[in-house]
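Engineer: Sequence:
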Amino acid sequence: MNISVRENYRYALACPTSMGVRITPENRMAVPNSTRFYMQATSAETNVLNVSSSLGYPCLAMTKFVEGSPISAFIQSQLRARNIDFEGCQVPQGGPWGYRHQFNIADSGFGLRAPRVWNDRAGEVGRMLSAEDFDLERIFSVDGVGILHISGLIAAMSPETTRCCLEIARYAKEQGTLVSFDLNYRASFWEGRREELAAAFEELASIADILIGNEEDFQLCLGFQGPEAGGKDVSSKTESFKEMISRVREKYPNAKAFATTLRQVISANEHLWGAILLADGEWQVEEPRPIQVMDRIGGGDGFTGGLLYGILKGWPAGQCLQFGWASGALAASGLNDYAEPADEKQIWDIYAGNARVQR
Numbered sequence: 264m265n266i267s268v269r270e271n272y273r274y275a276l277a278c279p280t281s282m283g284v285r286i287t288p289e290n291r292m293a294v295p296n297s298t299r300f301y302m303q304a305t306s307a308e309t310n311v312l313n314v315s316s317s318l319g320y321p322c323l324a325m326t327k328f329v330e331g332s333p334i335s336a337f338i339q340s341q342l343r344a345r346n347i348d349f350e351g352c353q354v355p356q357g358g359p360w361g362y363r364h365q366f367n368i369a370d371s372g373f374g375l376r377a378p379r380v381w382n383d384r385a386g387e388v389g390r391m392l393s394a395e396d397f398d399l400e401r402i403f404s405v406d407g408v409g410i411l412h413i414s415g416l417i418a419a420m421s422p423e424t425t426r427c428c429l430e431i432a433r434y435a436k437e438q439g440t441l442v443s444f445d446l447n448y449r450a451s452f453w454e455g456r457r458e459e460l461a462a463a464f465e466e467l468a469s470i471a472d473i474l475i476g477n478e479e480d481f482q483l484c485l486g487f488q489g490p491e492a493g494g495k496d497v498s499s500k501t502e503s504f505k506e507m508i509s510r511v512r513e514k515y516p517n518a519k520a521f522a523t524t525l526r527q528v529i530s531a532n533e534h535l536w537g538a539i540l541l542a543d544g545e546w547q548v549e550e551p552r553p554i555q556v557m558d559r560i561g562g563g564d565g566f567t568g569g570l571l572y573g574i575l576k577g578w579p580a581g582q583c584l585q586f587g588w589a590s591g592a593l594a595a596s597g598l599n600d601y602a603e604p605a606d607e608k609q610i611w612d613i614y615a616g617n618a619r620v621q622r
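In the numbering used here, the protein residues as written are 264 to 622.
No wet-lab data here; the hints were simulated from the structure.
Each hint can be trusted.
Below, simulated PhoX-like cross-link-like pairs (lysine-lysine); rule was C-alpha separation at most 20 Å, straight line:
1. Lys576 - Lys608
2. Lys514 - Lys436
3. Lys495 - Lys505
Derived Cβ-Cβ restraints for the label pairs, each shown as a range:
4. Arg619 - Ala462: 48 to 54 Å
5. Val548 - Gly577: 20 to 26 Å
6. Ile286 - Arg456: 25 to 31 Å
Each residue gets a CB set at the ideal place from its N, CA and C atoms; glycine is no exception.
Starting from the given sequences, assemble the full structure and let the hints guide the process.
Structural biologist: Shown next, in the form of structure tokens:
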């Protein structure tokens with residue numbers, strides 16, 4: 264792919280993020296019917312980093328923590344285990360009604376029972392994230408970062424995080440860092456801030472070298488008309504996706520790669536999963552095919568993480584898309600919100616449909 268990552272960097276990938284925890288019922292039970300839950304540290308942005316961090320690339324999470332919090336200690340321990348470095352100031356809790364980390368309650372669904380997600384973000388410490396929390400010169404100029412990844416979740420979370428993402432993206436771009444932007448629209452974040460966020464997302468999209476989103480993201484974040492949202496009969500809509508992305512490229516010519524995932528939900532246990540990439544003036548398409556799903560949350564982040572890993576490796580566009588497709592399928596095969604590949608071979612076996620036992 265005709266995208267060059269700077270030669271010298273300490274961190275292959277970095278991201279601004281707000282960390283939290285998610286609890287998931289065991290055995291795919293629904294939340295109200297469960298007494299046992301699995302807890303993990305999570306964020307959309309570190310989900311993306313996890314493909315590269317699992318495969319040996321150094322990665323950095325730029326965040327904020329609650330001082331003395333056992334949940335904060337759990338999150339930091341989990342990031343270390345995932346080979347992700349982190350930087351972020353410690354904020355005093357301020358009493359029981361003060362700051363805390365996001366608490367996400369979500370089941371996996373089963374069959375025709377859809378997954379349900381409940382986000383409890385009151386007092387979330389990451390909503391106060393600021394570019395001034397970090398030594399940007401050291402991180403991006405002295406140490407160096409290959410790709411800065413920004414998600415629309417952190418970019419839209421609060422006025423403070425919006426400014427933070429814009430300032431970090433501008434600075435990183437000046438230092439020769441590639442910028443990846445996954446639009447990640449969430450209606451609740453945009454409520455009451457549509458005009459402000461539309462302007463901010465337009466600037467982030469104009470800065471981005473890699474622009475990622477589904478049909479809903481491009482329409483609701485950037486105002487492009489496209490295929491009907493919702494993933495119905497997705498296999499027949501490839502040409503309409505291409506037409507939409509072509510118009511996105513005309514408006515944002517700085518970007519060198521435009522990607523979108525294709526997902527049709529058959530049941531909570533089975534999806535049709537595909538993807539499209541426009542890079543180097545050519546289309547790469549992974550037609551939707553069935554994948555089995557343990558937990559769908561993080562599948563799109565896994566796709567983005569695999570795509571960025573391919574770009575870091577300097578692979579051709581088609582190979583990057585294949586690796587992204589399979590990384591998303593891997594993320595959907597477990598309860599964690601992120602793909603954790605053991606090695607590249609595991610990803611390529613998934614792409615090839617090779618589920619034979621490995622001895």
